[in-house]
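Peer 1: Following the hints, put chains B and C in place on chain A, whose structure we already have.
Going down the list, the sequences are from chains A, B and C.
By the working numbering, the letter at position 111 of the first sequence is numbered 113, and the numbering carries on one by one without gaps.
By the working numbering, the letter at position 281 of the second sequence is numbered 282, and the numbering carries on one by one without gaps.
By the working numbering, the letter at position 80 of the third sequence is numbered 84, and the numbering carries on one by one without gaps.
No lab work stands behind these hints: they were computed from the structure.
For clarity, every value in this text was computed on a predicted model and none was experimentally measured.
There could be a bad hint or two in this list.
Just the calculated beta-carbon pair ranges, DEER-fashion [claimed, not checked]:
| no. | chain 1 | residue 1 | chain 2 | residue 2 | range |
| --- | --- | --- | --- | --- | --- |
| 1 | C | 188 | B | 6 | 16 to 24 Å |
| 2 | A | 124 | C | 120 | 52 to 60 Å |
| 3 | A | 15 | C | 60 | 57 to 65 Å |
Ideal Cβ placement from N, Cα and C applies to all residues, glycine included.
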Amino acid sequence: MLKVEGLTVRAGTVELVSDVSFGIAPGERVGLIGESGSGKSLTALSLMGLLPEGVTASGRARLGERDLVGVPESRMKRLRGGELSMVFQEPMTALNPLMRIGAQVAEVLTLHGRPRQEARERSVELLERVRLPGPAQIARAYPHQLSGGQRQRVMLAIALANGPGLLICDEPTTALDVTVQKQMLGLIAEVAPALLFITHDLAVVASLCERVLVMYGGRVVESGPLREVFTRPRHRYTQGLLAASRLTPRGTRLPIIPGAVPAAGHFPGGCVFRDRCPHATPACATTPALTGDGHAHACWHPAD
Amino acid sequence: MTTYLLKRLAVLLASTAVAAVAVFAFMALLPGDPAEIALGVNATPEAVAELRRQFGTDRPPVAQFLDWSGGLVSGDFGTSYVTGAPIGPQIAERLGVTVVLVLGGMVLALALAVPLGTFAAVRHRDPLGVAISAASQVGIAIPAFLAGILLVFVFAVRAQVLPSGGYVPITEDPGEWLRGLLLPWLSLGLVQGAVLTRYVRSAVLDVMREDYLRTARAKGRGAAGALWRHGLRNASVPVVTVLGLQLATLLIGAVVVERVFVIPGLGDLLLNGVAQRDLLLVQGVVMVLVAAVLLINFVVDVAYHLLDPRLR
Amino acid sequence: MKGGQVKGGRTRGGRLNAGLLAGGTLVGLVVLAALVSFFWTPHDPTLVDAAGKLREPGGGYPLGADKFGRDTFSQLMVGARTTLYVGVVAVGIAALAGVPLGVVAGMTPRGWLSELIMRVNDLVFAFPALLLAVMLGAVYGPGTLTAMIAIGVATVPAFARVARAATLQVMVTDYVLAARAAGRGRPAIAVRHVLPNIGSVLIVQASVSFAIAILAEAALSFLGFGTRPPTPSWGRMLQESQELLFSTPRLALWPGIAVAVAVLGFNLLGDGLRDYLDPKLRRIRAEG
Chain A
3 MLKVEGLTVR
13 AGTVELVSDV
23 SFGIAPGERV
33 GLIGESGSGK
43 SLTALSLMGL
53 LPEGVTASGR
63 ARLGERDLVG
73 VPESRMKRLR
83 GGELSMVFQE
93 PMTALNPLMR
103 IGAQVAEVLT
113 LHGRPRQEAR
123 ERSVELLERV
133 RLPGPAQIAR
143 AYPHQLSGGQ
153 RQRVMLAIAL
163 ANGPGLLICD
173 EPTTALDVTV
183 QKQMLGLIAE
193 VAPALLFITH
203 DLAVVASLCE
213 RVLVMYGGRV
223 VESGPLREVF
233 TRPRHRYTQG
243 LLAASRLTPR
253 GTRLPIIPGA
263 VPAAGHFPGG
273 CVFRDRCPHA
283 TPACATTPAL
293 TGDGHAHACW
303 HPAD
Chain B
2 MTTYLLKRLA
12 VLLASTAVAA
22 VAVFAFMALL
32 PGDPAEIALG
42 VNATPEAVAE
52 LRRQFGTDRP
62 PVAQFLDWSG
72 GLVSGDFGTS
82 YVTGAPIGPQ
92 IAERLGVTVV
102 LVLGGMVLAL
112 ALAVPLGTFA
122 AVRHRDPLGV
132 AISAASQVGI
142 AIPAFLAGIL
152 LVFVFAVRAQ
162 VLPSGGYVPI
172 TEDPGEWLRG
182 LLLPWLSLGL
192 VQGAVLTRYV
202 RSAVLDVMRE
212 DYLRTARAKG
222 RGAAGALWRH
232 GLRNASVPVV
242 TVLGLQLATL
252 LIGAVVVERV
262 FVIPGLGDLL
272 LNGVAQRDLL
282 LVQGVVMVLV
292 AAVLLINFVV
302 DVAYHLLDPR
312 LR
Chain C
5 MKGGQVKGGR
15 TRGGRLNAGL
25 LAGGTLVGLV
35 VLAALVSFFW
45 TPHDPTLVDA
55 AGKLREPGGG
65 YPLGADKFGR
75 DTFSQLMVGA
85 RTTLYVGVVA
95 VGIAALAGVP
105 LGVVAGMTPR
115 GWLSELIMRV
125 NDLVFAFPAL
135 LLAVMLGAVY
145 GPGTLTAMIA
155 IGVATVPAFA
165 RVARAATLQV
175 MVTDYVLAAR
185 AAGRGRPAIA
195 VRHVLPNIGS
205 VLIVQASVSF
215 AIAILAEAAL
225 SFLGFGTRPP
235 TPSWGRMLQE
245 SQELLFSTPR
255 LALWPGIAVA
265 VAVLGFNLLG
275 DGLRDYLDPK
285 LRRIRAEG
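Extracted from the complex, chain A is given alone in its bound form (with noise of 0.2 Å):
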């Protein structure tokens, strides 16, 4: 389905993003996992070619038979919102305050060629379709008279308005309340057809994801079945991840990584976790690659 081979971002001569390679088989849910400024919004971004002005993407991505990168922005647009979708974090500037939420979910409709009339009544049972109740008068409403988790729905109607090949979710949850992330949650699973899901939470990727990427420095540090990377993490920064979120015992101190994540652009060559990592040492100066079958990692040191 997405084939990422080799993914690089750049910001003038900054490196934000390095040599991301993933794939995502139809059906699959895979989770991006990693700190602010790992990286992982700008994988999303430069896949849906929508990097912000003075940053750039090389490499390649596919999805199914078309290339993502390095693709005019005529083509680009018109995969947007048809094979391609996504839901950003924040629900509350997400959608024009001027606009009925049934003419915003239309218009990606018509956008891709439906007749008006045909996308209006398409639009209210997109609106049923995650769930919203009173879909007719949700449609007639503006964007001010529903609440966080009601327009991250109608984000999500409109990011299904076509029947996308992959759904990428950018931190979805976030902003809302928890009772409200789980319905969220549980309605991504079922409707998405292939999902990239970004998250700097680890309890989240857990109940939806099958498999997992985890980013630091621009960096895939590590890849796999979810199950494993979470029981046995190889590499140092999953390591310290996973420990940082475990619930601990009352009084027992948490595992904290040492010191904080550097500015883009400042992260160490080689490794680019090595400034951190308790068990660095020389050899961490060369670049390590993403290495194992299934359950890969990058790391010269990994844990057992």
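Peer 2: Only chains B and C this time, still in chain A's reference frame:
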């Protein structure tokens, strides 16, 4: 919406009433008696008293105010102390000229500012975008009357293609009417256009950073299509507010520009009234200008509510 | 932008930027001219010299002389003084009245007092500086003082609105909530927390208002409702130059440039200060 409209209308009427009181009270503070001024220093006390009775200035201020403000409602601004002519028709005639001047200037300003400001925002990193932005800064620094003087110098003194001033009614000669108004419109329009360009630019820049524009692109729109369909209406919300403020400024700018181009508008009437100490006339013109500003604010507030469903 | 933080070429707070430098330089130029004019001008700017009528530039008269033989350059220097004087007093009046009103309105956003202040504010807003000056001029006679008062009063609403908007923002910050929880009274909070934190917004507003005051003074003097002769004023120089536009256009050119330089300077200074002092406060725009 209806409730809002009624409420806002009530505020408009109340503020106009309070403004009328303020204008009247202010003019009543004037030292000097209109009757004495009219008759000169050598008048007999009897003649002055007689004229006072004619003017109605011998009555208590409250009664005078009620007379005056009551007249305003029906368009009766009283009779000039100096010329003895009714003031209402004069104001009506002059108001027409000023409105044409202001609206023409505004249309020109918008025609300049919307495309230029949008372009400057979209290309805010390009030299041309920066140049537009810088040019608008310089434009703001030039007062409208100075722009008028410069335009007269270029088009009337040097090129001699347009008249340096004067006004021909449209009923007399539409061609000359237009030629006479071109430079005044330009003086108001260029300067206000510069101010508006800055606001349009900053509003479009703000909108370009909005998430919903990214959503529109994620739906399959190009950058330009997203801005056109989703950005411009959103950007117009803050611009409409400024537009209202500018329209009020423009009205006042017109007073000065009328002086530069010798155009018989309200400003001209006002300044002549002051020069001749025609106090009732001044009072009437000031009231009309203040009411116009209040009315503009009203229209802007209502437009704002129509544009933005969050306020409804 | 989440994920890789992309830093564009935006000017960051706390660093000198081009606008601030350019604005500061232009304003500095005007201030310098005004200060020097107290001690020295090439000629007496009010000295009428029939022989030097419309003297061409050169020979001790760098910009020539007007129809009364007065040296244009000297008039411009002293005119800078007039301009700054009017600006300082007008902005001072506006700030002294507008800031307390705005702060009170912002600290009691739901009270009747706030409502009253904002309503009166809207009303004053309907009386532009020019109308006030004409009315004041009709009562007390036109002059620098009436012009300053008119411009100042007309600028009060702008200060009150900006001060109110900024105060509203400060009032919901944690440190103010903490101070209120600790039982501090409103006056103490206003002085200790609100004023210091809205200071930068007000400085920006002052700079922008100064530019508008210069424009207003020039317009008023042009109409004969501002500074009276013989005190030199850029606006009146422009007015006097108009009849000679066909023969001696330079008489309009120099005061025109002077006004534009001063206004541009204060506008750039205001924008530059906004970026320099606090980029977070970009949202509260100075009102013109």
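Peer 1: Just tell me: holds or violated, for the beta carbon distance of residue 15 of chain A and residue 60 of chain C against 57 to 65 Å?
Peer 2: holds (58 Å)
Peer 1: Given a hint of 16 to 24 Å, does the C-beta separation of residue 188 of chain C and residue 6 of chain B actually sit inside it?
Peer 2: violated (42 Å)
Peer 1: So does residue 124 of chain A sit 52 to 60 Å from residue 120 of chain C, Cβ to Cβ?
Peer 2: holds (53 Å)
Violation of the numbered hints given earlier is confined to hint 1; every other hint is satisfied by the structure.
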